Every structure is written in C-alpha cells, then in structure tokens.
Amino acid sequence: MLTDEIDRLLRAAMMAKDLKTANVLRALKTKLTERRTSAGFSGELTDAIVVEVASAYARQLDKALSEYANVGERGAALAEELRFEIGYLQRFLPAKLGEDEAREIVRAAIAAIGAKEPREAGKVVGQVMRTHKGLIDAAVAKRIAEQLLVVTPSH
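Read in order, the letters of the sequence shown correspond to residues 195 to 349 in the working numbering.
Worth flagging that the hints you see were computed from the coordinates, not collected in a lab.
It is possible that part of the hints are untrue.
As the list claims (entries may be wrong) - Result set (DSSO-like, lysine-lysine): computed pairs, CA atoms no more than 30 Å apart in a straight line: (1) K290 x K327; (2) K290 x K225; (3) K211 x K223; (4) K290 x K214; (5) K327 x K257; (6) K290 x K223.
Said to hold, decoys possible - Distance ranges between label pairs, derived from CB positions: (7) D198 x R253: 18 to 28 Å; (8) K327 x E293: 17 to 27 Å; (9) M323 x R285: 28 to 38 Å; (10) V245 x K214: 31 to 41 Å; (11) R313 x M195: 38 to 48 Å; (12) K310 x R268: 44 to 54 Å; (13) G266 x T231: 36 to 46 Å; (14) K214 x E295: 30 to 40 Å; (15) V344 x G266: 34 to 44 Å; (16) R277 x R205: 39 to 49 Å; (17) K310 x M195: 42 to 52 Å.
Computed from a predicted model, the values in this text were never measured in an experiment.
Even glycine gets a Cβ: it sits at the ideal position worked out from N, Cα and C.
Modelling step: build the complete structure from the supplied sequences, incorporating the hints.
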C-alpha cells in the first residue's frame with residue numbers, strides 16, 4: 195500500500211537527514227490524517243485515496259507557487275522549495291495522458307453527451323473527470339473541450 199511506502203520513505207529520509215524529503219512526506223501524512231479523521235470518512239486509507247489526497251496537495255502547492263513567483267526575490271527560495279515538493283509528490287500520482295490522448299477522450303465525451311456549444315464545456319469536463327479522473331487535468335480537459343466546441347458561424 196502507498197501508506198506503507200510513505201512511511202518507509204519517511205524513515206529513510208529521516209535516517210539520511212534529508213529534511214526536504216522528510217518535510218514533504220510529513221506534510222502528506224498530515225493531509226492523509228486530516229482526510230482519515232474528517233467527518234463522514236470511514237474505512238481504510240486506500241491507494242486511490244492516497245493518490246487523490248496527494249493530487250489535491252500538489253495542486254494546492256502549484257497554486258501557491260504562482261503566488262510566490264509574484265513576490266519576487268523574497269519568494270524565490272520558497273518557490274524553489276515548492277517546486278521540489280510538487281516534483282516529489284509526482285511519484286505518488288498516475289502519469290497524465292498526453293495532449294493527443296486527452297483530445298480523443300474529450301472528443302468521445304462530447305459525442306457521448308451530445309454537446310454542441312462552448313457553454314457545454316463544463317458538462318463535457320464532468321463526463322471526462324468521471325471516467326478518467328487523475329489521468330487528465332480538468333483545466334486541460336476544459337481547454338480542449340472549448341476548442342472542440344467552438345461555434346462555427348452559420349451562413
């Protein structure tokens with residue numbers, strides 16, 4: 195299980211005095227504990243939940259990264275730390291599909307729900323995320339859906 199792998203990696207990082215790695219893993223373990231103790235959660239932390247939590251945490255860090263980039267030199271060190279954390283978290287996430295594969299999945303979702311206009315992009319993204327969550331970034335799916343649903347002027 196991924197939780198066992200996280201524990202093993204944390205122990206190894208602590209023994210090697212690798213504080214950067216240990217800090218990422220501690221933060222991830224904290225997020226997992228928050229999830230496990232949240233209202234309405236019951237059962238065990240499955241690998242799917244670990245991936246979901248790691249993915250959400252990586253997105254949160256990515257959002258913070260863009261904010262640190264705007265701070266200038268003072269935020270540069272923190273931004274570098276966030277880049278490391280985001281990169282490290284990738285080992286727990288499934289590989290994302292390429293642009294061409296994502297385009298085909300979005301095309302299939304458009305056909306499945308019969309979307310015809312750009313304002314239906316949200317429905318298309320919902321369909322894609324139901325079937326391919328974790329493999330396609332929602333923002334990428336939205337961008338592709340909007341491109342494919344461009345209204346062609348009628349003559």
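The hints, checked one at a time:
1. K290 x K327: Measuring from Cα to Cα gives roughly 10 Å; hence the hint holds.
2. K290 x K225: holds, 22 Å
3. K211 x K223: Measuring from Cα to Cα gives roughly 18 Å; hence the hint holds.
4. K290 x K214: holds, 25 Å
5. K327 x K257: Judged against 30 Å, a Cα distance of about 19 Å means the pair holds.
6. K290 x K223: With Cα atoms ~23 Å apart, K290 and K223 stay inside 30 Å; holds.
7. D198 x R253: 18 to 28 Å: holds, 24 Å
8. K327 x E293: 17 to 27 Å: This hint holds: roughly 18 Å between Cβ atoms.
9. M323 x R285: 28 to 38 Å: Taking Cβ atoms as reference, M323 and R285 lie about 23 Å apart, which means the hint is violated.
10. V245 x K214: 31 to 41 Å: violated, 22 Å
11. R313 x M195: 38 to 48 Å: holds, 42 Å
12. K310 x R268: 44 to 54 Å: holds, 49 Å
13. G266 x T231: 36 to 46 Å: Given a distance of about 38 Å, which is inside 36 to 46 Å, the answer is holds.
14. K214 x E295: 30 to 40 Å: Since the Cβ atoms of K214 and E295 sit about 33 Å apart, the hinted range of 30 to 40 Å holds.
15. V344 x G266: 34 to 44 Å: holds, 38 Å
16. R277 x R205: 39 to 49 Å: violated, 25 Å
17. K310 x M195: 42 to 52 Å: holds, 44 Å
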